[in-house]
Amino acid sequence: MNDIGTSAVQSTWLLNVVNVVAILVFVVGSAAFTTWVERRMLGIWQDRYGPNRVGPFGVLQVLADMIKLLWKEDWVPSFADKFVFVVAPTIAMFVVVAAFAVVPVAPGIGVVDLNVGLLFFLAMTSLGVYAVMFGAYASDNKYALLGGLRAAAQMVSYEVFMGLSLMGVVMLTGTFNLREIVHAQEDGWFFIPQFIGMVIFFIAGIAESHRTPFDLPEAEHELTAGFHTEYSGMKFGMFFIGEYVSVLLTAAMMTVLFFGGWLGPTWGFLAYIPPVFWFLLKAGILVLLMILIRGSLPRPRYDQLMAFGWKAMLPLAMVNLLITAVVVLL
Amino acid sequence: MRILYLIYDYIVSNVKSVWDVFSHTFTKADTVEYPDEMPYLAPRFRGRIVLTRDPDGKERCVACNLCAVSCPTDCISLQKAEDETGRWYPEFFRINFSRCVYCGLCEEACPTYSIQLTPDFEMAEYNRQNMVYEKEHLLINGTGKYPNYSFYNVSGKAVSGRKKGEGVNEAPPVDVKSLLP
Chain A
1 MNDIGTSAVQ STWLLNVVNV VAILVFVVGS AAFTTWVERR MLGIWQDRYG PNRVGPFGVL
61 QVLADMIKLL WKEDWVPSFA DKFVFVVAPT IAMFVVVAAF AVVPVAPGIG VVDLNVGLLF
121 FLAMTSLGVY AVMFGAYASD NKYALLGGLR AAAQMVSYEV FMGLSLMGVV MLTGTFNLRE
181 IVHAQEDGWF FIPQFIGMVI FFIAGIAESH RTPFDLPEAE HELTAGFHTE YSGMKFGMFF
241 IGEYVSVLLT AAMMTVLFFG GWLGPTWGFL AYIPPVFWFL LKAGILVLLM ILIRGSLPRP
301 RYDQLMAFGW KAMLPLAMVN LLITAVVVLL
Chain B
1 MRILYLIYDY IVSNVKSVWD VFSHTFTKAD TVEYPDEMPY LAPRFRGRIV LTRDPDGKER
61 CVACNLCAVS CPTDCISLQK AEDETGRWYP EFFRINFSRC VYCGLCEEAC PTYSIQLTPD
121 FEMAEYNRQN MVYEKEHLLI NGTGKYPNYS FYNVSGKAVS GRKKGEGVNE APPVDVKSLL
181 P
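Residue numbers (my numbering), protein chains in the order written: chain A, 1 to 330; chain B, 1 to 181.
If you are wondering where the hints come from, they were derived from the structure by calculation, not from laboratory data. Among the hints, erroneous ones may be present.
[To be verified] If you want a taste of the chain A side facing chain B, the calculated C-beta under 10 Å gives, among others:
#, residue
1, Gly-43
2, Asp-47
3, Trp-267
Beta carbons: idealized from backbone N, C-alpha and C, even for Gly.
For reference, chain A alone in the conformation it holds in the complex (with noise of 0.2 Å):
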């Protein structure tokens, strides 16, 4: 190997090294920003103004929790399974944002380009439901126990649908790999072939991240925190840091498979914006809309949550899986 060559594969090495660390940053500071952003907008969705006083239009919110969270007691029950409840915050953060590395965020950007990167993101997904499980168990709290079973049942029975109604998209395109599926997507964005696809996959994702509406496994009226009642400090933050990152999450994959993650209009000077603004607005509009969603509608109750998962979605996941072989058959 000449100079040349080595150069080639260290400049290679340093890019993915400053791909990793910078989107690593990158989402870890837009989840953190995103409380902000969820407080600002559900407060004036609300006819209020929401946290408006650290810094500019109250942006410096986000800086004043984290050293509130930072120098809050990191207190371990004493009744609790340590081990197991120092881990499961670890999990909850990880998973997520281990889910993102497969999310292609422009040409170029993008920490690995996996030709199973879909399974793989469904897979770290699934893995999500350990971080509840472990933190409810190990709080050894009846809230939390309680939390945990509805998180466990609740994120089982949503991750059935959300794989199936991802399959219509993977039937049109014919791959894992998320960086073909924008490819493919060029003469169309797949939210149109793919329409109830993709609102199944917006209603799972938001399962997933356990938000309103789905919120059961930390609903604060009935269970005080849920599964994570027993935290405080930075191990609380982690679980709530890890919940937004899985909101930015699903809104990327949303952006990704049904939205043309970084296509944008190719006319006129439109075409001169880089890729990645366009992949950022799509991302944004779609958290923004999950916040829309958080303020206005109500938690079901567990068994209604259960029924409209097996009963509505499932059925209709896969009547959708149907109706796309079918087409791609003809």
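Given the coordinates of chain A, assemble chain B onto it according to the supplied hints.
Just chain B now, with coordinates in the frame of chain A:
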């Protein structure tokens, strides 16, 4: 058919909820940003309690104790005293605002319009003992909400050199020892 209608109804009602909330993006916030901007307080707002004076500048309170009796939290305490003209006045008048619930019953009970609640709620203190207001803190140099009222002018009681029947709208007292009507 009914099932289809129900599904339609669920979808429409949920989408409509989301749309209704979204439409609030462009409405004005109801928030009053309090320390920067003072909210409107009605004149009858029940806030800090004051003791008022009559139009002549003398204090209205006659130390009848009705306010202290009506107070549900027992936060008012006072001691009656009498001046040389036979007029009653409070020797001390003390309101413990850390117990007061601003119900306004003392104001309703007061026969002389002396005790009044005012539109002021900014009374926070770092030291709890500072919440106990004495007469010197309570007594103001004005008539409050009733500018022309003076109890002794209409009370029919002889006091401060004024005999019975010399007040406003008062008839001279009946001579009970006379047979004439």
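To see whether the hints hold, each was checked on the structure:
A least Cβ separation of about 8 Å between Gly-43/A and chain B falls short of the 10 Å threshold, and the interface hint therefore holds. Given hint, Asp-47/A at the interface with chain B, holds; its Cβ is 5 Å from that chain's nearest Cβ, closer than 10 Å. Annotation: Trp-267/A was flagged as interfacial toward chain B, and the flag is violated, the nearest CB pair being 29 Å apart, outside 10 Å.
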